[in-house]
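> Same order as they appear, the protein sequences are chains Y and A.
Residue numbering for the first sequence follows numbering that gives the first Met the number 0, beginning at 0 and increasing consecutively.
Residue numbering for the second sequence follows numbering that gives the first Met the number 0, beginning at 0 and increasing consecutively.
Take the hints with a grain of salt, since some may be wrong.
List time: in silico DSS-like cross-link candidates among lysine-lysine, alpha-carbon distance up to 25 Å [said to hold, decoys possible]:
1) Y/Lys406 - Y/Lys416
2) Y/Lys396 - A/Lys199
3) Y/Lys300 - Y/Lys392
4) A/Lys199 - Y/Lys407
5) A/Lys199 - Y/Lys392
6) Y/Lys300 - A/Lys199
7) Y/Lys425 - Y/Lys410
8) Y/Lys424 - Y/Lys407
9) Y/Lys319 - A/Lys161
10) Y/Lys396 - Y/Lys425
11) Y/Lys410 - Y/Lys300
12) Y/Lys424 - Y/Lys392
13) Y/Lys183 - Y/Lys148
14) Y/Lys406 - A/Lys199
15) A/Lys161 - A/Lys38
16) Y/Lys406 - Y/Lys392
17) Y/Lys410 - A/Lys199
18) Y/Lys416 - Y/Lys392
19) Y/Lys410 - Y/Lys424
Think of the hints as simulated: they come from the structure by calculation, not from any bench.
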Amino acid sequence: MRQLGSAFIALLSMASPGVAQDLGLQQVKYCGLGVQGALTNFATSNPNVAEIYNDANLRQSINGQLLAASPAENWNINLSAEGGGASGLAMSHVITFENVDPQPFIDPRTGKKLYNVSYSVGINTVLFDLNARQIRALVPAIARFSDLKDAPPSASEQRAAFDGILQSAGTPDGPLARWLSSIKSLPLRYDEQTYFQVLPVNFEDEVREKLIGEPGGTESDGAKEFSERATTQSEALIAMAFAKPIVPATLKADPISSDPAMAGQASSNQYVATIPDCLGDTGADLIMPDPTYQLRLTIHKLASAQYNHEFDSYLDSGQKSVQQEVGFGGRFGAEIIAFNSIGDSTILDSRTFSFAKSVRFTGERELNSYEEYLKLTTTFVRELLDAYTSQDKDWIKAHMSAAVTDKKARKASRVRKAWRELFQKKLRIPKR
Amino acid sequence: MKKLFKQLSLLIGLAAFFVFPSSARADDTALGVFYAALKISQVQATRATADYYDALGFGAEAQRTTGLANQLDSGNLGGNEGIDAFSASTGHLVVLIDDLRARGAIPTQLQLERAKAAEAKLDSANAALAIAVVAGTVAALDGGNLLEKIAKGALLAAAAAKMTEPLGEARRAARAYNNLTLSGEPGFLAVSSQLQPAFKDL
Numbered sequence: 000m001r002q003l004g005s006a007f008i009a010l011l012s013m014a015s016p017g018v019a020q021d022l023g024l025q026q027v028k029y030c031g032l033g034v035q036g037a038l039t040n041f042a043t044s045n046p047n048v049a050e051i052y053n054d055a056n057l058r059q060s061i062n063g064q065l066l067a068a069s070p071a072e073n074w075n076i077n078l079s080a081e082g083g084g085a086s087g088l089a090m091s092h093v094i095t096f097e098n099v100d101p102q103p104f105i106d107p108r109t110g111k112k113l114y115n116v117s118y119s120v121g122i123n124t125v126l127f128d129l130n131a132r133q134i135r136a137l138v139p140a141i142a143r144f145s146d147l148k149d150a151p152p153s154a155s156e157q158r159a160a161f162d163g164i165l166q167s168a169g170t171p172d173g174p175l176a177r178w179l180s181s182i183k184s185l186p187l188r189y190d191e192q193t194y195f196q197v198l199p200v201n202f203e204d205e206v207r208e209k210l211i212g213e214p215g216g217t218e219s220d221g222a223k224e225f226s227e228r229a230t231t232q233s234e235a236l237i238a239m240a241f242a243k244p245i246v247p248a249t250l251k252a253d254p255i256s257s258d259p260a261m262a263g264q265a266s267s268n269q270y271v272a273t274i275p276d277c278l279g280d281t282g283a284d285l286i287m288p289d290p291t292y293q294l295r296l297t298i299h300k301l302a303s304a305q306y307n308h309e310f311d312s313y314l315d316s317g318q319k320s321v322q323q324e325v326g327f328g329g330r331f332g333a334e335i336i337a338f339n340s341i342g343d344s345t346i347l348d349s350r351t352f353s354f355a356k357s358v359r360f361t362g363e364r365e366l367n368s369y370e371e372y373l374k375l376t377t378t379f380v381r382e383l384l385d386a387y388t389s390q391d392k393d394w395i396k397a398h399m400s401a402a403v404t405d406k407k408a409r410k411a412s413r414v415r416k417a418w419r420e421l422f423q424k425k426l427r428i429p430k431r
Numbered sequence: 000m001k002k003l004f005k006q007l008s009l010l011i012g013l014a015a016f017f018v019f020p021s022s023a024r025a026d027d028t029a030l031g032v033f034y035a036a037l038k039i040s041q042v043q044a045t046r047a048t049a050d051y052y053d054a055l056g057f058g059a060e061a062q063r064t065t066g067l068a069n070q071l072d073s074g075n076l077g078g079n080e081g082i083d084a085f086s087a088s089t090g091h092l093v094v095l096i097d098d099l100r101a102r103g104a105i106p107t108q109l110q111l112e113r114a115k116a117a118e119a120k121l122d123s124a125n126a127a128l129a130i131a132v133v134a135g136t137v138a139a140l141d142g143g144n145l146l147e148k149i150a151k152g153a154l155l156a157a158a159a160a161k162m163t164e165p166l167g168e169a170r171r172a173a174r175a176y177n178n179l180t181l182s183g184e185p186g187f188l189a190v191s192s193q194l195q196p197a198f199k200d201l
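With the sequences and hints as input, model every part of the structure.
As structure tokens, this is what we get:
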């Protein structure tokens, strides 16, 4: 039925260029790929994507694939290479980061050490006003791809992998095709009025020290990088869960500032992006709208523990084998805030939850606690957002923190009722 | 296990308040259904386990487990021996799936299709087990005095429960396998009951 509807709208648009406007669709110029910040800065920390991006022919080819795969039923915009015109609207896919994570493991079938190499690319879909340089909607998301190798990937293999990712918009089940399918399921609108923001994830001192001490964390940037990665991933999660555009926290924000007033604050409403097809080769300033609501996440505690499970060996009768279970847990504070630009923002909901998950394996494994805590944090955010939208009483009950001692505050039915009022009635988040 | 035993004991306890006409034939029929359903459950679950091994690329284990399923089906492995063999096979499969999940492995489309077929077999194994439990309850309630009924109920409950635990584990692992997605999920599992106390202060 929806396909029929879409075909009907497409036919009408072909018949008369003016009809699209009548149906509430705005013509939007597609600007292709862009990068976040100035290109030179971006290239320093994202060498593979920058190399692909700098190949003008390759970039144009990717832009063509993205444009061809972009039309979405849920959007009230019509993308085209020429587009824009009277509306002055434009859209770009702005790459925010690249990441390679080689996860070593022992294959139980062969006993050989292998690497599960995970590649990810952050992409913000940005709809903006070309003349006023004002952002109308921004939807962050992360495209992922995994590869199995018997050695850590070489520089040329990494480059080839990112090349494959960025050219996969038209490949069924390709990383970009899957990413596009997620974005297209959201109601991206040029006239959106409600924006969410994830404030930079912040910590209590005890947690900060723990993160610095973990492998992967260094004295200078361990906790700050953790906050940035957790915040970026939470932005992508909230865009998907709430189906609303995001006002990203800027990179200048300092999650561990010694000044309490600065900790966990977003720093400005400026968004710098390089979008050569529409805004020139240098980083251009775009103005972000004020957020309507904010999510503030605070990590109060982190803990890990281990348990060995014994079981009968299947292959060696009478022998015992041991399966290790390593658990990671945290105490998380989550607040929903109604933002007010004149400084009297209101906390609409404030809760503290406990959350723990584990991995189980036999034999040796190289577990990086820093990465596991990061995954724990994003898994928590994913489940929390699901619980917000579904008002799942069982989830609330199972995850109530031991730190919440007030009997009324612990009552899952009261939390569910409050969340129904807030997320369904006030924020109008569709119930799952 | 405790829950199932409790349910059966409760039914037996309740039966003490009622007097049903009983006959040796009814008793035999219910017992027959019980053992037949238990066997179907074992065979189906073992075949599902073999399919999962196959889907995961563990050829030797898949072959060995298929052999076990055939033996169970033809009645060459009777009683506890068959259940123990199934339990060990399932335990090994669960550990392998946990391993794959812990490293964030990504199944191919073909593997997922095979796993889906295997899960359907696990479902039918579970349904057969449910029938066995009902038949076992009827068999336990038929004939004999109260003490005999309780003793028979306990025996049948224990036979069914030996199957319940590994089957439950296999289903948990199957769900974990089916949830291995392409989205880069970290491969976390719910914390086991043994490890939960470590996080109670959070």
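> If a hint holds in the structure, say so; if it doesn't, say that too.
We went through each hint and held it up to the structure:
{"no.": "1", "hint": "Y/Lys406 - Y/Lys416", "in the structure": "holds, 16 Å"}
{"no.": "2", "hint": "Y/Lys396 - A/Lys199", "in the structure": "holds, 13 Å"}
{"no.": "3", "hint": "Y/Lys300 - Y/Lys392", "in the structure": "holds, 24 Å"}
{"no.": "4", "hint": "A/Lys199 - Y/Lys407", "in the structure": "holds, 20 Å"}
{"no.": "5", "hint": "A/Lys199 - Y/Lys392", "in the structure": "holds, 19 Å"}
{"no.": "6", "hint": "Y/Lys300 - A/Lys199", "in the structure": "holds, 12 Å"}
{"no.": "7", "hint": "Y/Lys425 - Y/Lys410", "in the structure": "holds, 22 Å"}
{"no.": "8", "hint": "Y/Lys424 - Y/Lys407", "in the structure": "holds, 22 Å"}
{"no.": "9", "hint": "Y/Lys319 - A/Lys161", "in the structure": "holds, 19 Å"}
{"no.": "10", "hint": "Y/Lys396 - Y/Lys425", "in the structure": "holds, 23 Å"}
{"no.": "11", "hint": "Y/Lys410 - Y/Lys300", "in the structure": "holds, 22 Å"}
{"no.": "12", "hint": "Y/Lys424 - Y/Lys392", "in the structure": "holds, 18 Å"}
{"no.": "13", "hint": "Y/Lys183 - Y/Lys148", "in the structure": "violated, 32 Å"}
{"no.": "14", "hint": "Y/Lys406 - A/Lys199", "in the structure": "holds, 17 Å"}
{"no.": "15", "hint": "A/Lys161 - A/Lys38", "in the structure": "holds, 12 Å"}
{"no.": "16", "hint": "Y/Lys406 - Y/Lys392", "in the structure": "holds, 16 Å"}
{"no.": "17", "hint": "Y/Lys410 - A/Lys199", "in the structure": "holds, 18 Å"}
{"no.": "18", "hint": "Y/Lys416 - Y/Lys392", "in the structure": "holds, 9 Å"}
{"no.": "19", "hint": "Y/Lys410 - Y/Lys424", "in the structure": "holds, 21 Å"}
Going through the hint list in order, the structure does not satisfy hint 13, though it satisfies all others.
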